[in-house]
Amino acid sequence: MKSDDTQALPQTESGYAIEVQDLSKRFGALKAVDGLSFDVKRGEVFGILGPNGSGKTTTIRMLCGILQPSSGYGRALGFDVLREGEKIKEHIGYMSQQFTLYDDLTVIENLRFYAGVQAVPRAIRKERVARMLQLAGLENRREQMTAHLSGGWKQRLALSCALVHEPEMIFLDEPTAGVDPVSRRKFWDMIYQISDTGATFLVTTHYMDEAEQFHRLLFMSRGKQIAEGTPEYIKHECFHHNLWQVECNKLAQAAHILQDIDGVLDISLPGNVLHVTTNTSVRAEQLIENALQAAGITVRSIVRTQPSLEDVFVSLTSDDMENSREESDSD
Amino acid sequence: MINWTRLWAVVSKEFIHIRRDRLTLAIILGIPMIQLTLFGYAVNTNVDHIPTVVCDLSNSREARLFVEHMVSTSYFDLVGYAGSFEEARDAIDKERAKVAVLFKSDYSRNVKRGASEVGVVVDASDPLLASSALSASAQVGLDMNIEVVGEQIAAAGGVAAPYDVRVRALYNPNLRSANYIVPGLIGVILTMTMVLVTAVAIVRERETGALEALITTPVSKTELMVGKIIPYIAVGYIQMILVLVIAWRVFAIPLHGSFVEMFAIGFVFIVASLGVGMVISTIAKTQIQAMQMSFFFFLPNILLSGFMFPVSAMPWIIQKLSHILPLTYFLVILRGILLKGTSLIDLLEFVWPLVLFAPVIVTIGILRFSKKLS
Chain A
1049 MKSDDTQALP
1059 QTESGYAIEV
1069 QDLSKRFGAL
1079 KAVDGLSFDV
1089 KRGEVFGILG
1099 PNGSGKTTTI
1109 RMLCGILQPS
1119 SGYGRALGFD
1129 VLREGEKIKE
1139 HIGYMSQQFT
1149 LYDDLTVIEN
1159 LRFYAGVQAV
1169 PRAIRKERVA
1179 RMLQLAGLEN
1189 RREQMTAHLS
1199 GGWKQRLALS
1209 CALVHEPEMI
1219 FLDEPTAGVD
1229 PVSRRKFWDM
1239 IYQISDTGAT
1249 FLVTTHYMDE
1259 AEQFHRLLFM
1269 SRGKQIAEGT
1279 PEYIKHECFH
1289 HNLWQVECNK
1299 LAQAAHILQD
1309 IDGVLDISLP
1319 GNVLHVTTNT
1329 SVRAEQLIEN
1339 ALQAAGITVR
1349 SIVRTQPSLE
1359 DVFVSLTSDD
1369 MENSREESDS
1379 D
Chain B
3 MINWTRLWAV
13 VSKEFIHIRR
23 DRLTLAIILG
33 IPMIQLTLFG
43 YAVNTNVDHI
53 PTVVCDLSNS
63 REARLFVEHM
73 VSTSYFDLVG
83 YAGSFEEARD
93 AIDKERAKVA
103 VLFKSDYSRN
113 VKRGASEVGV
123 VVDASDPLLA
133 SSALSASAQV
143 GLDMNIEVVG
153 EQIAAAGGVA
163 APYDVRVRAL
173 YNPNLRSANY
183 IVPGLIGVIL
193 TMTMVLVTAV
203 AIVRERETGA
213 LEALITTPVS
223 KTELMVGKII
233 PYIAVGYIQM
243 ILVLVIAWRV
253 FAIPLHGSFV
263 EMFAIGFVFI
273 VASLGVGMVI
283 STIAKTQIQA
293 MQMSFFFFLP
303 NILLSGFMFP
313 VSAMPWIIQK
323 LSHILPLTYF
333 LVILRGILLK
343 GTSLIDLLEF
353 VWPLVLFAPV
363 IVTIGILRFS
373 KKLS
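Here the protein sequences line up with chains A and B, keeping their order. Residues 1049 to 1379 (our numbering) make up the first sequence, in order. Residues 3 to 376 (our numbering) make up the second sequence, in order.
So here's chain B without its partners, still in its complex pose:
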């Protein structure tokens, strides 16, 4: 029961608003740029180049060999030497270094006796950095041991390494965070802008009084709401393309999978987000309130959706919560398609909740909208 003339009038008017409103344009183009820079470059979950001080009381060749080995992993950057253990500890306290490597004066002698101790002190106030430093330094010790022991066993005619574990990292062999984060950003950016922009656009119309004139016309709730969101579907696609191009050209992220499937599921997710914006617009009285509610919705999305932290590592109740959010499903699908080339059919268990959510939330938005004043 949609009158196309009416619907088209609303759609074309909304397009003019978007084109002429600098703030909306800034949100549409600015947010993806800022998010890409922030998350693409700054957020890095594999911490390396950790500033490290060395305190070598043995002043030996063996100690220098160990330090060289550490630096060569690129996890540690040598930033200075300390004359005593206290001085090394001081360097950590004063934020000049995150790791201190300590060699006692009898280190060189002990290496030969097989009882050498290397002290590695880590500033664990940042757990992400600490775990990186701990595993990297342990690995260095292990490597050096194997080297020495291997030589001895080989000399005695034995088998140096009876177990050979071969790990192959699929899809992202270099374990780059950007490969994981940037495709996810498509979902985060759409959630942020689509919800905000629709909510504000509808509430603004109510605030200026224009809606009062509109509700005295025969235009139906569906024509009005659907007409208002159609232009933003186009906007959502522009954002998706923008992020994909930057992911490919700037971050050199290998993109697999079908773009047709990607834009098909993108449509569903955009409509779902616009629907959330519509519902917010029926609750918020002012544009400021609409913005606050949009951010209130945005926060759990960024934290709980698996965008930064894996959902599987969350407590049970939080996992349940994260499965209410459309972004949780969309992220799995996005990464599946873009990073692994998986098809939508294989991701069906994540696709159907989205396909269900989108029309339901839009319907709620339309039903809640009233052509009466209260």
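The following block holds chain A by itself, in its conformation from the complex:
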């Protein structure tokens, strides 16, 4: 999306929209973000995943130029995040967690306001606002008061407001939190439509099922990055355990029994099977079968299976938690 109303960007040889090296932010004694290093290529839809409080929002705020990093180096669209925050702001769109719309303004008034604040030239403003309404599917609700919109509509309106000046880079902070699945699907459709025009997206989420939507992603836990790469790469290279799919009866009871076995790290119930994550050091297949049969549970099959991103994430965060416990023990 080449913008016609913002000034030219400095040419970055790297072709990266975001370059981050050892970026950190402290709030007093708390390290909210701890030594982050990653790049986002131009045109990518890049995701940051992590549980609440893992430092995703702090990272986005630093990259937008509204929060001063404590240390490290970062560039957004070639501008230094420490010193050139105001320049970054000329080229980005930002949508924060609380869909920052004005409830007492109508849909079209919100769009007009952001178009005005972003100084979209008067000559093209009307057409631009109309296009945004169309993109969000809000044409028939243009005169509706924003307060009366449902979550999904608000979210799409907030995205339209962030896009109204056709920015090169769009930051979305947990845009899909608290929105129904159909609306989430429509929202992602919007993102990909804009992404096709060349804009770069950096999106945070704690929904694992959204992780597959990203070109590349970064896992965060307690302010640190714990994995980075394409979804495929992370699934294959970042999973340091074994995942077993167990078919049996009495699933709940089976899960309960397996919890207590040494080497079992995590159990989940995706549908009518059990997913059991184990250490690679144990002969898990045998252990699981013996334990379940001893309890009178009929085991139909035990097979090793490919982890989903969620499985990888859970195992990585539990590793990270373990490390932190050891750290504090050794203190």
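The hints are simulated quantities; they were obtained by calculation from the structure and are not laboratory data. Predicted model only: the values in this text are computed from it and were never measured.
Capping the alpha-carbon separation at 25 Å, the derived lysine to aspartate or glutamate pairs in DMTMM-like fashion look like this:
1) B:Lys373 / A:Glu1067
2) B:Lys373 / A:Asp1152
3) B:Lys223 / A:Glu1132
4) B:Lys374 / A:Glu1134
5) B:Lys374 / A:Glu1132
6) B:Lys373 / A:Asp1151
7) A:Lys1174 / B:Glu16
8) A:Lys1283 / A:Asp1368
9) B:Lys287 / A:Asp1151
10) A:Lys1272 / A:Asp1314
11) B:Lys373 / A:Asp1128
12) A:Lys1089 / A:Asp1128
13) A:Lys1234 / A:Glu1157
14) B:Lys287 / A:Asp1152
15) B:Lys373 / A:Asp1082
16) A:Lys1135 / A:Glu1067
17) B:Lys223 / A:Glu1134
18) B:Lys374 / A:Glu1067
19) B:Lys96 / B:Asp79
20) A:Lys1135 / A:Asp1070
21) B:Lys223 / A:Asp1128
22) B:Lys373 / A:Glu1157
23) A:Lys1272 / A:Asp1257
24) A:Lys1089 / A:Glu1260
25) B:Lys373 / A:Glu1134
Heads up, incomplete: computed chain A residues facing chain B, CB under 8 Å, no partners named:
26) Ile1114
27) Leu1115
28) Gln1146
29) Asp1152
30) Phe1161
31) Arg1170
Even glycine gets a Cβ: it sits at the ideal position worked out from N, Cα and C.
Following the hints, complete the assembly by docking chain B onto the known chain A.
Same frame as chain A, but now just chain B:
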């Protein structure tokens, strides 16, 4: 370096907020109405119609003449008679009367001898009322003396009144409090609403998170702050006009002076008040805090600015304090223009501090505002 498109976007959005927010509208229109009613009618510094009891043990024509004279001044309202001095004192203790007039049984005889004593007992727990009662009753005694003595001297062929003091009360000949208070209310109302409304409007935007989205846009601090206060300048003018119309129609206050000058200095004062609101918004974290700080600012303004009590009667240190407040200057100018028809040029020593204060406080507000989160 102001981008007009951006500025206009902020201004028009703010106008929509004001139009649609009932609470803001209530503050803007309700506060002037309430203040006008409170101060225009209730606050009266010249106390009259003081409830008075009479205890006349002489039961004489002379005593009745004295009481009649007192009532005719309209300072005293006769509310009853007491049979004894104790009963009269009791009436004051029980709040039935504020003044008791006492005549001894030999009053009538003493008048003829030239040694009559009239006792006037005043409840001085309210000094304002007491001083009014004291001077009015003393005046009655003096008038009656002059009348009697004058007759005697005239009969003897002498000059009854060699000194003739003629007092002329300028600008407010009837000494009506409303004439003094109501024009001052323009300043008080503007101080109260302008500070409160801007402070709350900016903090509200921060509380709802809308400001976080705004500070990621290229809109500058100046565009944002100036854009937010422009609509309230219009609001301030509406309030000024409202109070002026009511002062003229309801309180029948004679308005002199130039309205152009009045609205010109009004602009400066409105901007100064909005600036104070901006500064408060950069300190307060929540809307409640913003309100508390606004009232904290408002209180010294109403007490120390000369709105109710003359600044010249205050101790030196308080006078210095009152000269920090923009309202102190604005009140002098307001009353000068409206009551006396004085022009701004003649009020220059009060005009320049305001003209200096307004841009300084707005600049402080803009500088303190940060496009970063902390």
